[in-house]
Amino acid sequence: MQDTKLIRNFCIIAHIDHGKSTLADRLLEATGAVSNREMKAQMLDSMDIERERGITIKAQTATMKYTHKDGKTYQLNLIDTPGHVDFSYEVSRSLAACEGALVIVDASQGVEAQTIANVNLALKSNLKLIPVINKIDLPNADVERVRADIEEELAISASDAIPASAKTGVGIEDILTAVIERIPPPVDRNDETLRALIFDSWFDPYLGAICLCRIMSGQLKLHDNVMMMSTEKSFEVLTIGKLTPKATEFPTLTSGEVGFVSGSIKTISDMRVGDTVTDAKNPSTEALPGFESAKQMVFGGIFPIDASEYLLLKESVEKLKLNDASLSTEVESSNALGFGFRAGFLGLLHMDIVQERLEREYKLNLIFTAPSVAYHVYTQKGDMIVVDNPAKLPNPSIIDRIEEPYALLSVHTPEEYIGVILKLLQDRRGEQKNMEYTSQKRVIIKYEIPMSEMIFDFHDRLKSASRGYASMDYEMIDYRPGDLVKLDIMVNQEAIDALSCIVHRSHAFYKGRALCKKLKDTMERHMFQIAIQAAIGSKVIARETLSAMRKDVTAKCYGGDISRKRKLLEKQKEGKKRMKSVGNVEIPQKAFLSILSLDDE
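The opening position of the sequence shown corresponds to residue 61 in this note's numbering, with each subsequent residue numbered one higher.
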């Protein structure tokens, strides 16, 4: 049995691109967990997308052995957490599995939004925080300024912050020593009832669902019967082990240890992140706190470009859901795009990752419709309907009010970009709550803003306005009533359901005009004139006309009476009229794709 006094569980908190994965690589090298031959950059980032974008999507763990100068060998369990706001729930569960955290701050960029958000989560979990000032090898590194930033913005002491460079290996021994000396060991609860916290899970084609868990109390042995406390489903433990970072099997996990567990569980939805594993024969009376079901914030349609690939898409989505329990899908059909799925995502990054994984891993050509949020629609009778698809909005005559989700947005920026950022936030219907200077040149701007205004290219615009220096973090607060309407796009008098959207009435005219213009520019001309209209209910608010392709029917008339030409033109006009009434308008896929990247300003 492992002595709990020789165990240290810690994670790494950092903003995106502050060197978290590189530091994890150096720690693995310094403890000998990975040989030089096996070592590769971003060792704990297993997906290609993680490596290319420099982000962590799935939480990984690594159990390392390190001999301290006191002569004792310690078991260090590193839990690598995602860094993006979309995965804040997964971060909170990873933090709950630790006693301490390394707070990584870039020596050139200073404290940014996501660092503050995750440090606040860590403080709620009563973690011991060790500040690390990374990238001191950069020419524009300013350690003392960043040290002051940490004290001001994170409200933690930075006098003992460790200067380090994960790239060159400077300060790595100091970090390992600090982990052992400053982070408390887990409490010895080996004699109590089994309770283990799941902080990540994935699907293996041979072993079924596998979870990463931290044993909070009791012991977990091979062939034990255990139960999930949220679903009350039981299974036999068939594999136990630790990631070192290679999967290494062990017969037992004891109190305070971190490892992976698998059994006869076929679906990942039965191993939810945040759930508590307990002994099926002698279950715990109380689950570990903090468990929540995944909350989808952004919704969008997924359709194959080629309708014959629908079955392949269905199979691919089911496989992806095996590895991503937070993705929700339901079958959807569209007049314009055929059969597909309506999917719910944690946020825009999650949507982007799902799209890229479906296209890369399953070789699919897909159309993703414009993202939307879930609205609360109240009818005249007082019933509340959740609408995540504009096409499902009830008839306006029975609607009493529509409520939309609001988020509290924190933007961290250098002071010279305040003007353009405030204008962007005002244009997006934001309401200013607070603005405070954290230092002479850094400002935190707090706004309450509708989620629907944030999901459409907001992050890109913020980065453009601030030349990449601003960072943002947000949290959902509540639902508020708004003057919202359904904007329909009609082509040749027929509504295109895939292009319908719910917008604020004040933005409807500009959005409708931009959509019509974009459609006109990308659609091919037909033999008859086509009206492209944007409408709210029966009222048309914008229109573009795509002119017909015409044959010069008067070309053979060389002079003579004008009535001959008029007769030919009238005959052509009648034919065009008949075509228009019976003709179908084909909307090319590129038209949909260009509209989904619409610059709506």
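Mixed in with the good hints, there may be bad ones.
What the hints assert, rightly or not - Label-pair distances were calculated between CB atoms; the ranges are:
no. : residue 1 : residue 2 : range
1   : 476       : 555       : 43 to 51 Å
2   : 626       : 603       : 37 to 45 Å
3   : 425       : 217       : 47 to 55 Å
4   : 90        : 252       : 55 to 63 Å
5   : 125       : 494       : 23 to 31 Å
6   : 529       : 492       : 18 to 26 Å
7   : 205       : 566       : 37 to 45 Å
8   : 355       : 476       : 56 to 64 Å
9   : 459       : 494       : 47 to 55 Å
10  : 346       : 128       : 33 to 41 Å
11  : 626       : 416       : 52 to 60 Å
As the list claims (entries may be wrong) - In silico DSS-like links for lysine-lysine, alpha-carbon gap of 25 Å or less:
no. : residue 1 : residue 2
12  : 381       : 341
13  : 599       : 523
14  : 523       : 546
Hints are computed from structural coordinates only; laboratory data are not their basis. Don't be surprised by glycine CBs; every beta carbon is placed ideally from N, CA and C.
Here's how the hints hold up against the structure:
A C-beta distance of roughly 46 Å is found between residue 476 and residue 555, which places it inside the suggested range of 43 to 51 Å. At roughly 29 Å, the beta carbons of residue 626 and residue 603 sit outside the given window of 37 to 45 Å. Range check, residue 425 to residue 217: about 54 Å between beta-carbon atoms, so the 47 to 55 Å window is met. The beta-carbon spacing between residue 90 and residue 252, approximately 34 Å, falls outside the hinted interval of 55 to 63 Å.
With their beta carbons about 47 Å apart, residue 125 and residue 494 fall outside the hinted range of 23 to 31 Å. Distance hint check: the CB atoms of residue 529 and residue 492 are about 20 Å apart, consistent with the given range 18 to 26 Å. For the pair residue 205 and residue 566, the supplied restraint of 37 to 45 Å holds, since their beta-carbon distance comes to about 43 Å. The given range of 56 to 64 Å is broken by residue 355 and residue 476, whose C-beta atoms sit roughly 36 Å from each other.
Checked against the hint of 47 to 55 Å, the pair residue 459 and residue 494 fails, with Cβ atoms roughly 34 Å apart. Taken as a hint, the range 33 to 41 Å holds for the pair residue 346 and residue 128, whose Cβ atoms sit roughly 36 Å apart. For residue 626 and residue 416, the Cβ-Cβ distance of about 59 Å falls inside the hinted range of 52 to 60 Å, so the restraint holds. Restraint check: the Cα-Cα separation between residue 381 and residue 341 comes to about 31 Å, which exceeds 25 Å; the hinted pair is violated.
Taken as a hint, the residue 599 and residue 523 pair is broken in the structure, with Cα atoms around 37 Å apart against an allowance of 25 Å. Our distance criterion of 25 Å between C-alpha atoms is broken by residue 523 and residue 546, whose separation comes to about 30 Å.
Comparing the model with each numbered hint stated earlier shows that hints 2, 4, 5, 8, 9, 12, 13 and 14 do not hold.
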